[in-house]
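> Position chain B against the provided structure of chain A, taking the given hints into account.
Quick mapping for you: the protein sequence lines, in order, are chains A and B.
For the first sequence, position 367 matches number 371 in this note's numbering, and the numbering has no gaps at all.
For the second sequence, position 147 matches number 459 in this note's numbering, and the numbering has no gaps at all.
Just so you know, these hints were derived from the structure itself, not from any lab.
We put the CB at the ideal spot given by N, CA and C, even for glycine.
This list has only true hints and no planted wrong ones.
Restricting the straight-line Cα-Cα distance to at most 20 Å, the calculated cross-link-like pairs of lysine to any residue (SDA-like) are:
#, chain 1, residue 1, chain 2, residue 2
1, A, 421, A, 476
2, B, 525, B, 614
3, B, 329, A, 514
4, B, 402, A, 184
5, B, 329, A, 30
Listed below are several chain A residues computed to face chain B (Cβ distance under 7 Å; list not exhaustive):
#, residue
6, 21
7, 23
8, 102
9, 107
10, 169
11, 215
12, 226
Okay, the calculated bits of chain B under chain A, using three or more residues with CB under 8 Å as the criterion:
#, region
13, 330 to 343
14, 347 to 357
15, 443 to 454
16, 475 to 489
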Amino acid sequence: MGDHHHGPAKGLSRWLFATNHKDIGTMYLWFSFAMFLVGGAFAMIIRAELFQPGMQLIRPEFFNQMTTMHGLIMVFGAIMPAFVGLANWMIPMMIGAPDMALPRMNNWSFWILPPAFLLLLATMFMEGGGPAFGWTFYAPLSTTYAPPSVTFFIFGVHILGLSSIMGSINIVATVMNLRAPGMTYMKMPLFVWTWFITAYLLIAVMPVLAGAVTMMLMDIHFGTSFFSAAGGGDPVLFQHVFWFFGHPEVYIIILPAFGVVSQIIPAFARKPLFGYDSMVYATASIAFLSFIVWAHHMYTVGMPIAGELFFMYATMLIAVPTGVKVFNWITTMWRGAMTFETPMLFCIGFVVLFTIGGFTGLMLSIAPSDFQYHDSYFVVAHFHYVMVAGAVFSMTAAVYYWLPKWCGKMYNETMGKTHFWISFIGFNVTFFPQHFVGLAGMPRRIPDYALQFADFNMMSSIGAFIYGASQLLFLYNVIATIVGGKPVSDEKVWEGAEGLEWTVPTPAPFHTFSTPPQVR
Amino acid sequence: MATQDTAAHEEYYVPEKSGMAISATIGLVTSIFGAANVLNDMTFGEPGAESSSWSILIAGLFWFIATLFVWFRSTIRENLAGMNSGQLKKSYVLGMFWFIFSEVMFFFAFFGALFYVRVLVGPWLAGEGDAGAMNHLLWSGFEFDWPMKQTPQEAVGGVAGQVIANNGEFVSPGTSMAFSEVSAWYKWLPLWNTIILLSSSVTVHIAHLGLLKGDRKQFNLWLGITVTLALIFLYIQYVEYYEAYAHFGLTLNSGIYGSTFFMLTGFHGFHVAMGMTMLLIQLIRSVRHGHFTSDDHFGFEASSWYWHFVDVVWVGLFLFVYIL
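Isolated chain A (complex conformation) (with noise of 0.2 Å):
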């Protein structure tokens, strides 16, 4: 078996010409966190500037490319390709699979991605600056009004998604055809269910979203009006298309966030995960359902009440998969032996925080409340617990579960530790004053505000300085893990641990699966 199989090349080219589900995942997920440094540099930005009322750092035109930039660069750039590469690293893994069903497509999902970004952040040296309409690109801010950079961000808003297509159609057919014999689909563990589903929500909405950014070009550039009152066409046409794309994308991250906390809970629980058959169902549920609720982001745009009212059923319906969710949680926790590991914690700092993020969305759901939460620093409160609390706490766990796994070092737990408490406070101290400011009616995207909501700014800028300072601590303990932690060499790094990835040499060879393995 083993003649023909060589270790990774030597220098440069290993990356460049990768096929190897590892190498393409770590290069995923280091890009990610590059993209996540320089999208929280701008939320830095973001935040000094708005630490005392009036403007004292950067003129509103650059506030505005920050909030977009910022935005963008975060959904796109970080937590949506951190969890492809965990994906790419795990998903085989974890069915038994000898790398992904197509490796050279794989390869190009990700080396489109950087030049994409690159132009992207090109785009604010260019004349005009770059794109100021926020990153969810409302026409006719982003027709009409846009600066000339905005046709290399809809070029660039194709290439992720193209990327993204490749890197979905990728994931379907690795778990529809490379798992071990044995695996059946009720037998997958839980973060290869909701990518699955996930990897459908992107085939089925990125393509929505090429749709919606070509015809912005074509109306920048070719006269058409389909943004246009004028010609007919109707600017709300825009979020109509937007949204359609943007509500699942918001699952879109959530999702595999699902997944990476229903792996972990029951590794530091020593419980099998509580109700296995009813987070798939629930995971299926909620993508159906994001399909049919996103002018639940338009309650204010002028709807029809027949609208307003639909979209606000069929949202509150998702409160329920989802509550299935958090119960399974707290139920797999409930008597297990229970240790609290940095992974255990940043888990337990999810469900807690998530929830409180998801009763802020029900809130929000309800059309008639709404219309006072709308554009509020209300709504930035919520989804950024959906968001950091939700996505990013979900992606630092996977980091350290699995670290040791990757590189066969253990990193330091006091340091994690430490990261995950100041990540926690900061967190908080950044983002729940923001439900305040947000009800007493502060609007978001704007570089100034009253002074009656001076306090509460200071507070959450404070915050945010300590939760960004906490990710260099993070940065710092993967590299001193991978540089000099302690070796390990169990298979199964933690004591509970489960799953075909815990069945591999530690650190896990270049290598995994060439012949499937025999799941019971």
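Just chain B, lined up with the frame of chain A:
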């Protein structure tokens, strides 16, 4: 266990390394960069200014297409060399299937825009219901029908009479593409295109049947007919576009009717051209290299799936863009 047969577990071919992805990235990003500059020169640049945008675009496209050629050639060679296990072939099948699904969703966005505009936006702009309450302030006198005879802008006397910011001049066409004269039905090009495209789906199927029973002559002949039909379709569409611009005054600037018409039929036409190229390549492979056997011909089958997809989209277009 029951879900997978043992034959599916031969060695799964994972190429050691590949420079194709990097090369394709260089081509794609160069062409994208060129294309964005071409468009920005056109819209925001000074007229007549020197620019290398076109050269960048063409160089990038050339590089990209050359890479794809090499990439596909090497996968074909791998298959001919027997490196592809049954399981790997299934990965290609799944990949193609879900790629076509993503294409369906791309058209869905444009069909969705069409329905939304026709069912909701048009009546609102003309003052219907609560959402139309602003009609007398913004677009007084605008009446909605489909195909749109008059843009809201024209209803208020052009750009000068427009209350909201100007974002272009939208002049409605003299004639639409809808079916008009029963007596001259045979002059109506979309009907001919429908007949051509539907028959081409049949001819590609006949070609497939020929391949399945090992009749290469039948395969080559009917695949050739299919490619010819595709060419005729594209020619007729070219004539139709020419008529639209030269005689009907129907352009991209003709308001939302023109926008949806050209974007839907244009993207469809682009996909026809893609599908035709794919089928043509399969034809060349069969005629010149004798590729494909009755049990191993996914290159052809994938192209034929794509062709049927293009056909189905056209049926939707014919119904919702031309007839209804």
